[in-house]
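K.L.:
Sequence:
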Amino acid sequence: MSHTLVFSYGDKRVISRGSGAEAVRSIKNLEAFFQDAEEKLGLPPGSYDFYDTFGKISTPADLQRALTNAGSDECIIEVREHLHFIRIRGLEVDNARLTARLDALEVALRETEQRSDMKLE
10 MSHTLVFSYG DKRVISRGSG AEAVRSIKNL EAFFQDAEEK LGLPPGSYDF YDTFGKISTP
70 ADLQRALTNA GSDECIIEVR EHLHFIRIRG LEVDNARLTA RLDALEVALR ETEQRSDMKL
130 E
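So for the sequence shown, the working numbering puts the first residue at 10; every next one is plus one.
None of these hints come from the bench; they were simulated from the model. Built from N, CA and C at the ideal position, the CB exists for glycine as well. There may be inaccurate statements among the hints.
[As the list claims (entries may be wrong)] Here are the simulated lysine to aspartate or glutamate pairs, EDC-like style, with alpha carbons at most 20 Å apart: (1) Lys-21 - Asp-45; (2) Lys-49 - Glu-87; (3) Lys-21 - Glu-90; (4) Lys-65 - Glu-47; (5) Lys-21 - Glu-83; (6) Lys-21 - Asp-82; (7) Lys-65 - Glu-90; (8) Lys-49 - Asp-20; (9) Lys-65 - Glu-40; (10) Lys-21 - Glu-48; (11) Lys-49 - Glu-83; (12) Lys-49 - Asp-61; (13) Lys-65 - Glu-83; (14) Lys-21 - Asp-61; (15) Lys-65 - Glu-87; (16) Lys-21 - Glu-87; (17) Lys-21 - Glu-47; (18) Lys-65 - Asp-45; (19) Lys-21 - Asp-58; (20) Lys-49 - Glu-90.
[To be verified] Distance ranges between label pairs, derived from CB positions: (21) Phe-43 - Arg-98: 18 to 24 Å; (22) Arg-124 - Phe-43: 55 to 61 Å; (23) Arg-124 - Ile-24: 55 to 61 Å; (24) Asn-38 - Gly-64: 17 to 23 Å.
Let's have the full structure, built from the sequences with the hints guiding it.
P.N.:
Now the structure itself:
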C-alpha cells in the first residue's frame, strides 16, 4: 500500500517529499522528515510538533503508526506550532506595522518642517 504523506498546517496542505518507499525511508530517518516539513512550510526548527489522529508523533514508531492507520492513500500529518512561536510571529507583525507607521509619521513631520521653514523665509 502506497501512502502519500501530507503536512497539514493551518489552511495549508503540502505533500511531503516522496511517497510510498520514500515515506517508509522517512520513518527510519525522522530528522529528514522534520527538515522536509521545515522547508515546505517555512517553519524554524523546533517550533512545532507533528500529530496524527492518535496523538503526537515524536519517534519513528509513531510515524509508522500514522502510516499504518491511514485509511486512504493520504496520510495526513498535522503540524502544530508551539504557542510561544505563534505569539512571537504576532509580535513580529505588530512590530512591522508600528515601524511602518513611525516611518510615515517621520516623513509627515519632515514635510511639515519644510513647509514651516518655507513660510518663515
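K.L.:
A separate judgement is required for each hint: does it hold in the structure or not?
P.N.:
Here is what the structure says about each hint:
For a cut-off of 20 Å, the pair hint linking Lys-21 to Asp-45 stands: about 15 Å separates their Cα positions. Taking the CA atoms of Lys-49 and Glu-87, the gap is about 14 Å. The hint holds against a cut of 20 Å. The straight-line distance between the Cα atoms of Lys-21 and Glu-90 is roughly 13 Å, inside the 20 Å bound, and the hint therefore holds. Between Lys-65 and Glu-47 the CA atoms are separated by roughly 17 Å; this keeps the pair inside 20 Å, and the hint holds.
The hinted pair formed by Lys-21 and Glu-83 meets the criterion: a straight-line CA distance of about 15 Å does not exceed 20 Å. For a cut-off of 20 Å, the pair hint linking Lys-21 to Asp-82 stands: about 18 Å separates their Cα positions. Proximity of Lys-65 to Glu-90 is assessed by CA-CA distance (about 12 Å); at most 20 Å being required, the pair is judged to hold. In summary, the hint linking Lys-49 to Asp-20 is supported, as the alpha carbons are separated by about 14 Å, within the 20 Å threshold.
Straight-line distance between C-alpha atoms of Lys-65 and Glu-40 comes to about 16 Å, which keeps the hinted pair within the 20 Å bound. Between Lys-21 and Glu-48 the CA atoms are separated by roughly 14 Å; this keeps the pair inside 20 Å, and the hint holds. Restraint check for Lys-49 and Glu-83: satisfied, since their Cα atoms lie roughly 17 Å apart, inside the 20 Å limit. At roughly 18 Å between alpha-carbon atoms, Lys-49 and Asp-61 fall within 20 Å of each other, so this suggested pair holds.
About 18 Å separates the Cα atoms of Lys-65 and Glu-83, which keeps this hinted pair within 20 Å; it holds. Using a Cα cut-off of 20 Å, the hinted pair Lys-21 and Asp-61 holds, with the two alpha carbons roughly 16 Å apart. With a C-alpha separation of about 9 Å, the suggested pair Lys-65 and Glu-87 falls inside the 20 Å cut-off, and the hint holds. With a CA separation close to 10 Å, the supplied pair Lys-21 and Glu-87 stays within the 20 Å bound.
Between Lys-21 and Glu-47, the direct Cα distance comes to roughly 13 Å. Compliance with the 20 Å bound is thereby established for this hinted pair. As the CA atoms of Lys-65 and Asp-45 are separated by approximately 18 Å, the hinted pair is consistent with the 20 Å bound. For a cut-off of 20 Å, the pair hint linking Lys-21 to Asp-58 stands: about 16 Å separates their Cα positions. Between the alpha carbons of Lys-49 and Glu-90 the distance comes to roughly 14 Å, so the proposed pair stays at or under 20 Å and holds.
Remark: the range hint 18 to 24 Å for Phe-43 to Arg-98 is upheld by a beta-carbon distance near 19 Å. Arg-124 and Phe-43 have their C-beta atoms about 57 Å apart, which keeps the hinted 55 to 61 Å range intact. The given range of 55 to 61 Å is respected by Arg-124 and Ile-24, whose C-beta atoms sit roughly 57 Å from each other. Checked against the hint of 17 to 23 Å, the pair Asn-38 and Gly-64 passes, with Cβ atoms roughly 21 Å apart.
When held up to the earlier numbered hints, the structure conflicts with none and fits them all.
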